[in-house]
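Colleague: Here are the chains, one letter per residue:
There are 2 protein chains.
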Amino acid sequence: MNMKKILVTYPINKEALAELYENYEVYLPNEGGLKRDQVLEMIADYDVLIPNFGFYTDDEMMAKAPNLKLIANYGVGYNNIDVDAATKRGIAVTNTPKTTCEPTAELAFALLLAAGRRIGYYDRNLRIPRGVDWGIYADAGISIFGKTLGIIGMGRIGQAIARRGVASGMDIIYHNRNRLSADIEARYNAKYVSFEELLKTADYVSLNAPSTSETLKLIGEDELNLMKPTSVFINTARGNMVDEAALAKALKEEKIFAAGLDVYEKEPKIHPDLLELENVVLSPHAGTKTIEDRDKMANEMVQNIIGFFEGKYDVERVN
Amino acid sequence: MNMKKILVTYPINKEALAELYENYEVYLPNEGGLKRDQVLEMIADYDVLIPNFGFYTDDEMMAKAPNLKLIANYGVGYNNIDVDAATKRGIAVTNTPKTTCEPTAELAFALLLAAGRRIGYYDRNLRIPRGVDWGIYADAGISIFGKTLGIIGMGRIGQAIARRGVASGMDIIYHNRNRLSADIEARYNAKYVSFEELLKTADYVSLNAPSTSETLKLIGEDELNLMKPTSVFINTARGNMVDEAALAKALKEEKIFAAGLDVYEKEPKIHPDLLELENVVLSPHAGTKTIEDRDKMANEMVQNIIGFFEGKYDVERVN
Chain X
1 MNMKKILVTY PINKEALAEL YENYEVYLPN EGGLKRDQVL EMIADYDVLI
51 PNFGFYTDDE MMAKAPNLKL IANYGVGYNN IDVDAATKRG IAVTNTPKTT
101 CEPTAELAFA LLLAAGRRIG YYDRNLRIPR GVDWGIYADA GISIFGKTLG
151 IIGMGRIGQA IARRGVASGM DIIYHNRNRL SADIEARYNA KYVSFEELLK
201 TADYVSLNAP STSETLKLIG EDELNLMKPT SVFINTARGN MVDEAALAKA
251 LKEEKIFAAG LDVYEKEPKI HPDLLELENV VLSPHAGTKT IEDRDKMANE
301 MVQNIIGFFE GKYDVERVN
Chain P
1001 MNMKKILVTY PINKEALAEL YENYEVYLPN EGGLKRDQVL EMIADYDVLI
1051 PNFGFYTDDE MMAKAPNLKL IANYGVGYNN IDVDAATKRG IAVTNTPKTT
1101 CEPTAELAFA LLLAAGRRIG YYDRNLRIPR GVDWGIYADA GISIFGKTLG
1151 IIGMGRIGQA IARRGVASGM DIIYHNRNRL SADIEARYNA KYVSFEELLK
1201 TADYVSLNAP STSETLKLIG EDELNLMKPT SVFINTARGN MVDEAALAKA
1251 LKEEKIFAAG LDVYEKEPKI HPDLLELENV VLSPHAGTKT IEDRDKMANE
1301 MVQNIIGFFE GKYDVERVN
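In order, the protein sequences belong to chains X and P.
With the first letter of the first sequence counted as 1, position 280 gets the number 280 in my numbering; the numbers rise by one all the way through.
Numbers in my numbering are just positions in the second sequence, counted from 1, shifted up by 1000.
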């Protein structure tokens, strides 16, 4: 029997992929990710592609892959893949929503607390001569308890953030393509509101929508102008949903109080103005950036690959 | 009628004290706190002292205050006051536990998340040429979900932290002078353990005990040696409960993974080694450092003063 061939396009912990090596032929780069050109040259032979976040897996690439049956994404967001093209070519696409949910919600809440309570500002400035004013009101942050958390995109991750918000004494409002069931709303005492009302009334705005053609630059100058001057904006979803220059400008002009950002328009580049601002806290697309979670995510991806070829019903297909 | 006189030893928002001005004569400094010498000179006339955190309110000071009836602390921790001496002299001491609880728990949890998920490290290094490795496993943090949170001192603040821990998927263990009721334990599914077991088994250790002669340098080299190399230490209580040099050494030698610190042995000085370390996140005794919370705390203190002279039963006496 010919073993099916899997092309992994960047280094993932080999031990976390151990199960694959039993029944598949796995190509795993030792160091650094493969470039688009390299993948284009290699892909003809492969049955499975673990796509990269550094380039788009598009129709041109799929056209060079007559054997490709599955694109198994390592992550929950799949804006790195032309899913429509894959569907047309009969190629399955899977992602890893289970293991990405809690760590990403965790990171989002870490940024929310850090931005509101000025943890980044304090930590940076205590280490340099500028210092921080220890006085009672000077350099004060804003509180979280009793405030309103507005969640844009109330899927798994949004709800996991809401759970943390409730325990922190926050009121939850949300906007979503579809209103959630009364049952789920009751769990977080969450109120469904329009996109505009959310921006106008939330003290903390967390962006957790999927990146699609409709959510491109969802948050720009107009939306930032709707937000309160005391509000905090958190993005742990995708950078292309935010006009980064407009956000930097709003922060600079103190049109909003602060932001916590994990994702950027041109990763790994960050808008230079953001790097200079005191009222923003930055992390490097680290939603699942823990040893444990990266391995759990690899395992979820592995189970999708194995399950797909065994015809299991619970494979996490996105098409 | 002679109005009672209140000596406030550092600037507190005047509007938050408005109710006092109706029936009391209030001395409120405009800028900067009063020095100990100044308080010693002034105190003879006063009925109420709002003590400072910059110096100890000791028996010598009380001896100069024949009219003093109440020391109304602005804060929950009262290690800045010789309460025994006050008791002997028949002087009441009050604090502000209600309004300090949630903001301090909030700050503790912000530091916990920031230390585990390396928010301070990321934010600092993304802004300088050194940068952060965006690779999958490089510069990774450790997760919170599924981990064990050990709380030393399970009072109001400890429990408010536990509530946030539960919502974040943590298991709660605690050590306390007295074991809590089964009812409270059940609320957080919290397990009572010895001090030693807590240090040995917790992934995150949060110090929330009161500062007393018994808790002085509670955490030193021996205790840090008991902790896991993957553990995170959080202190939002008082700096004198931790041997700061030993903690800096343990962090430098990676005997623990990280720390989040809000309080220090010699505030506002921070041990110089801590200021150089990448695996610590620092804030400036900011447990209640938000505009809203500082005002709420002032109001709680004001109600203690008014209630004390009106003989109300619910004044927050600590002696």
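None of these hints come from the bench; they were simulated from the model.
A portion of the hints provided could be inaccurate.
As the list claims (entries may be wrong) - No more than 20 Å apart at the CA atoms, straight line, and that leaves these computed lysine to any residue pairs for SDA-like:
#1 X:K217 / X:R187
#2 P:K1266 / X:E292
#3 P:K1255 / P:N1299
#4 P:K1269 / X:K217
#5 P:K1014 / X:A167
#6 P:K1255 / X:I291
#7 P:K1147 / X:A167
Said to hold, decoys possible - Far from chain P, some chain X residues (derived; all Cβ distances over 10 Å):
#8 N80
#9 K98
#10 E106
#11 G311
Yeah, the Cβ is synthetic: ideal placement off N, Cα and C, and Gly gets one too.
Colleague: Confirm or reject each hint.
Modeller: Outcome of the hint check:
{"no.": "1", "hint": "X:K217 / X:R187", "verdict": "violated, 31 Å"}
{"no.": "2", "hint": "P:K1266 / X:E292", "verdict": "violated, 37 Å"}
{"no.": "3", "hint": "P:K1255 / P:N1299", "verdict": "violated, 43 Å"}
{"no.": "4", "hint": "P:K1269 / X:K217", "verdict": "violated, 44 Å"}
{"no.": "5", "hint": "P:K1014 / X:A167", "verdict": "violated, 32 Å"}
{"no.": "6", "hint": "P:K1255 / X:I291", "verdict": "holds, 18 Å"}
{"no.": "7", "hint": "P:K1147 / X:A167", "verdict": "holds, 17 Å"}
{"no.": "8", "hint": "N80", "verdict": "holds, 14 Å"}
{"no.": "9", "hint": "K98", "verdict": "holds, 12 Å"}
{"no.": "10", "hint": "E106", "verdict": "violated, 5 Å"}
{"no.": "11", "hint": "G311", "verdict": "holds, 30 Å"}
This entry does not satisfy hints 1, 2, 3, 4, 5 and 10, going by the numbered hints stated previously.
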